[in-house]
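Peer 1: Below, each chain spelled out in residue letters.
Number of protein chains: 2
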Amino acid sequence: MEIFPKNKIVVGMVGLPGRGKTYIAKKIARYINWIGFKSEVFNTCQYRRDLYSEKSFTADFFHPHNTEAADIHQDCSNRATNDLISFLSEGGDVAIFDGINESVEKRRNFKKTLDENLSSYSLLWVESICNDENMINDSMQTLSSSCPDYKDFDSNSAIEDFKIRIENCRIQYQELSKQDDGNETPFIKLYDFGHQVLLNNVSGYLESKIMSLLMHIHNKQRPIYFSRHGESLYNVDNKVGGNPDLSQRGYKYAANLNIFLQDEMKERRINKKSKFFSSTLKRTIVTAGAVDIGIQAVPLKRLDEISTGLYDGLTYAEIEERYPNEAEERKKDKLRYRYPEGESYMDIIQRVEPIIFAIEKSKEPVIIVAHQAIIRCLYAYFCKFDIEDVPHLSVNLHTVIKLVPENYQVHEYKYNLERSQNHTPVYEKRLI
Amino acid sequence: MEIFPKNKIVVGMVGLPGRGKTYIAKKIARYINWIGFKSEVFNTCQYRRDLYSEKSFTADFFHPHNTEAADIHQDCSNRATNDLISFLSEGGDVAIFDGINESVEKRRNFKKTLDENLSSYSLLWVESICNDENMINDSMQTLSSSCPDYKDFDSNSAIEDFKIRIENCRIQYQELSKQDDGNETPFIKLYDFGHQVLLNNVSGYLESKIMSLLMHIHNKQRPIYFSRHGESLYNVDNKVGGNPDLSQRGYKYAANLNIFLQDEMKERRINKKSKFFSSTLKRTIVTAGAVDIGIQAVPLKRLDEISTGLYDGLTYAEIEERYPNEAEERKKDKLRYRYPEGESYMDIIQRVEPIIFAIEKSKEPVIIVAHQAIIRCLYAYFCKFDIEDVPHLSVNLHTVIKLVPENYQVHEYKYNLERSQNHTPVYEKRLI
Numbered sequence: 001m002e003i004f005p006k007n008k009i010v011v012g013m014v015g016l017p018g019r020g021k022t023y024i025a026k027k028i029a030r031y032i033n034w035i036g037f038k039s040e041v042f043n044t045c046q047y048r049r050d051l052y053s054e055k056s057f058t059a060d061f062f063h064p065h066n067t068e069a070a071d072i073h074q075d076c077s078n079r080a081t082n083d084l085i086s087f088l089s090e091g092g093d094v095a096i097f098d099g100i101n102e103s104v105e106k107r108r109n110f111k112k113t114l115d116e117n118l119s120s121y122s123l124l125w126v127e128s129i130c131n132d133e134n135m136i137n138d139s140m141q142t143l144s145s146s147c148p149d150y151k152d153f154d155s156n157s158a159i160e161d162f163k164i165r166i167e168n169c170r171i172q173y174q175e176l177s178k179q180d181d182g183n184e185t186p187f188i189k190l191y192d193f194g195h196q197v198l199l200n201n202v203s204g205y206l207e208s209k210i211m212s213l214l215m216h217i218h219n220k221q222r223p224i225y226f227s228r229h230g231e232s233l234y235n236v237d238n239k240v241g242g243n244p245d246l247s248q249r250g251y252k253y254a255a256n257l258n259i260f261l262q263d264e265m266k267e268r269r270i271n272k273k274s275k276f277f278s279s280t281l282k283r284t285i286v287t288a289g290a291v292d293i294g295i296q297a298v299p300l301k302r303l304d305e306i307s308t309g310l311y312d313g314l315t316y317a318e319i320e321e322r323y324p325n326e327a328e329e330r331k332k333d334k335l336r337y338r339y340p341e342g343e344s345y346m347d348i349i350q351r352v353e354p355i356i357f358a359i360e361k362s363k364e365p366v367i368i369v370a371h372q373a374i375i376r377c378l379y380a381y382f383c384k385f386d387i388e389d390v391p392h393l394s395v396n397l398h399t400v401i402k403l404v405p406e407n408y409q410v411h412e413y414k415y416n417l418e419r420s421q422n423h424t425p426v427y428e429k430r431l432i
Numbered sequence: 001m002e003i004f005p006k007n008k009i010v011v012g013m014v015g016l017p018g019r020g021k022t023y024i025a026k027k028i029a030r031y032i033n034w035i036g037f038k039s040e041v042f043n044t045c046q047y048r049r050d051l052y053s054e055k056s057f058t059a060d061f062f063h064p065h066n067t068e069a070a071d072i073h074q075d076c077s078n079r080a081t082n083d084l085i086s087f088l089s090e091g092g093d094v095a096i097f098d099g100i101n102e103s104v105e106k107r108r109n110f111k112k113t114l115d116e117n118l119s120s121y122s123l124l125w126v127e128s129i130c131n132d133e134n135m136i137n138d139s140m141q142t143l144s145s146s147c148p149d150y151k152d153f154d155s156n157s158a159i160e161d162f163k164i165r166i167e168n169c170r171i172q173y174q175e176l177s178k179q180d181d182g183n184e185t186p187f188i189k190l191y192d193f194g195h196q197v198l199l200n201n202v203s204g205y206l207e208s209k210i211m212s213l214l215m216h217i218h219n220k221q222r223p224i225y226f227s228r229h230g231e232s233l234y235n236v237d238n239k240v241g242g243n244p245d246l247s248q249r250g251y252k253y254a255a256n257l258n259i260f261l262q263d264e265m266k267e268r269r270i271n272k273k274s275k276f277f278s279s280t281l282k283r284t285i286v287t288a289g290a291v292d293i294g295i296q297a298v299p300l301k302r303l304d305e306i307s308t309g310l311y312d313g314l315t316y317a318e319i320e321e322r323y324p325n326e327a328e329e330r331k332k333d334k335l336r337y338r339y340p341e342g343e344s345y346m347d348i349i350q351r352v353e354p355i356i357f358a359i360e361k362s363k364e365p366v367i368i369v370a371h372q373a374i375i376r377c378l379y380a381y382f383c384k385f386d387i388e389d390v391p392h393l394s395v396n397l398h399t400v401i402k403l404v405p406e407n408y409q410v411h412e413y414k415y416n417l418e419r420s421q422n423h424t425p426v427y428e429k430r431l432i
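Taken in sequence, the protein lines are chains X and G. The letter at position 429 of the first sequence is residue 429 when you use this note's numbering, and the numbering goes up by one with no holes. The letter at position 375 of the second sequence is residue 375 when you use this note's numbering, and the numbering goes up by one with no holes.
Any given hint could be a false lead.
Identical chains share a label here; the pair holds if one copy fits it or two copies do between them.
[Unchecked claim] Dumping the calculated DSSO-like pairs for lysine-lysine here, alpha-carbon to alpha-carbon at most 27 Å: (1) Lys301 with Lys334; (2) Lys266 with Lys112; (3) Lys6 with Lys112; (4) Lys189 with Lys363; (5) Lys38 with Lys429; (6) Lys220 with Lys273; (7) Lys111 with Lys363; (8) Lys414 with Lys273; (9) Lys361 with Lys189.
To be clear, the hints were calculated from the coordinates, so they are not data collected in a lab.
Work out the full structure: start from the sequences and follow the hints.
Peer 2: The structure is reproduced here in structure tokens:
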């Protein structure tokens, strides 16, 4: 549901290369989409790579004296701006303009173009500043291996060139300041990936949601594990809801999950500082309880399965038989369908939002043993599935989903602990 | 629903006198209660006034060399801390410690006491810093007339004494800094009532909610008007939901509301910059449409009446007759009761949260023409009604509620535009 009519938001990124602008931009877009609004990133570098693929983008390309490059930068910036304006005019809510946007003049010109083309919008600048040498080095290390501009470079030459690129961009770089565009310009400055944050005149509902997200992100890598409980007696009977125990097969899975996680501990992919959560329902407590890795799962009510309300304890067949209209309604819009006196998937997204922030915040591995609908919502956030697809995502019993979010991508692994005892993933994918 | 087990939050206020600490503390508590958590303010000055009422609290009482006063300050601080610990131990979620807390030493001692008495909690310091002379003068003006310490003073002597009090407190004043308690200490610094905000290592769900609120508050006074639509044809028939037109009596009210608001405009209580909102339903659009004050109401879907789902268009008698169990359920817990395929009051509170932020943010008067359940939720926020009472608040047809939030209180006026044509309030109250 829209907040205020035609209240579009443009987020403009500002920052030297290697400050995580694209990482932050993508996180914002993913989160805004997940809470039910439309958001997209318009990355000027991507336009450059797509439109001028024949060029070589070494450090010299970023020197202010390179006039040919300046024209190309301007062209890409214009095209990104045009697409961004179209996106907002055609129903988008939050458009993110991802580029270096290093000078007051460039930022003013961008704003002028928006003013001329959008009848109502708010502009929020987000600057990423990094003074922590270790963080900058980590970031350069990652970029040297993943940035398409350096695909033909070895790691050391890439890093050397990248350092010069940063210095070339610094020549004309002006930090955001109250003086840029008057006292009232809304902006956010993130220092060292959100460890310190300065807000200037920032308000608005979606802006406050963006701020909430920015308070929780960092650039440390760690795996996130999702597992449903082992098969329950209700799964066997095809019933919904309830608080059943595990079936024998379910207990077997709990034992296998234990071995799997013990192996992950041996391989040092998880550790004793890992965050480990279950729901408060018996089937996840028993499943997580079988896991003996030196840390205990904390049961959280927010991880309890979607409430099926009046249908609690019925089989799907019984629901269809007794309430044919309701079953029909549910098929029509499974995302927003709310069980009578129960919940919808949209309700779950709101309910688990604090869990998303807790996972984002954790610099240590996270293990979650929960339920199908709950994991669908969490999984969709990290893998950027379309919100309409959330209720249909495949989250099978007895399968561990492991996600490793990296700078620009998420590595996804699925382990079927029934079929494969040697813990080779049955599925592996990189999501950009 | 709790966020994480036993995750209590202590908010510690820091700031010189006259920086709006108490104002901010009360706003945080009110908001946290409104979204369904338990919050209370523990104001050390209030303990001083209650326990040492025989003393005179002139500026000298705040000089660091006044050892007798120092003992009293310490005693009050200890008592407030004890009560705060009891509150959190007995189910409270967010306790706000409101005092000057001027030195690193005092803040460390406070934290030490918490560490010794609470098994799990997060401490968040919130400092209010004001460099804008106009804001400080406004604040002193208000305090000189409303602060109980100055009840026997004329305004000028109160302001003079208050200025010395500020300077006396400044002697030992140390701003919050990363160095106080290590890099990781979470704190928020508000400059000039939130115009600029600096966050240091702040994360967590309720913390981000508090942050969202702080992004929207200011210390400008302006009235807020709430009116239901004029009587609708469904009101006449005692039906719920629907999208009916007004009755004749309803149209009469719309005309009266116009005269009332025109008079408010003449008296300069509202102006052409005022924010004016209705819902998207016919009965509020027609009511607001009759108001001719040079600004048009913007229709917002978030202000639409509570959805009664399957019961849409039924009378209350029909609901009781056809669904006796449901009617019974609704009576048991009207706050959380959700109409089948419809909404609950708790749903409405979430839905109108962006409206609350928009009202808080506005430095101009706000006029809202909406519906009973919607206004109950908004009204409860500003007047700090208990969340359980929200569905039972009296929000009558043909009655304008006008609220004027001030520093430490809310002036509330109700105008019955059917009975009294001369616009004298039928009801007036100060809420502390």
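Peer 1: Now look at each hint and say whether the structure bears it out.
Peer 2: For each hint, the structure was consulted:
{"no.": "1", "hint": "Lys301 with Lys334", "result": "both (23 Å within a copy, 22 Å between copies)"}
{"no.": "2", "hint": "Lys266 with Lys112", "result": "neither (57 Å within a copy, 38 Å between copies)"}
{"no.": "3", "hint": "Lys6 with Lys112", "result": "within (19 Å within a copy, 50 Å between copies)"}
{"no.": "4", "hint": "Lys189 with Lys363", "result": "both (22 Å within a copy, 25 Å between copies)"}
{"no.": "5", "hint": "Lys38 with Lys429", "result": "within (25 Å within a copy, 44 Å between copies)"}
{"no.": "6", "hint": "Lys220 with Lys273", "result": "within (14 Å within a copy, 47 Å between copies)"}
{"no.": "7", "hint": "Lys111 with Lys363", "result": "between (36 Å within a copy, 25 Å between copies)"}
{"no.": "8", "hint": "Lys414 with Lys273", "result": "within (23 Å within a copy, 57 Å between copies)"}
{"no.": "9", "hint": "Lys361 with Lys189", "result": "both (19 Å within a copy, 21 Å between copies)"}
Violated hint: 2 only; the structure is consistent with all others.
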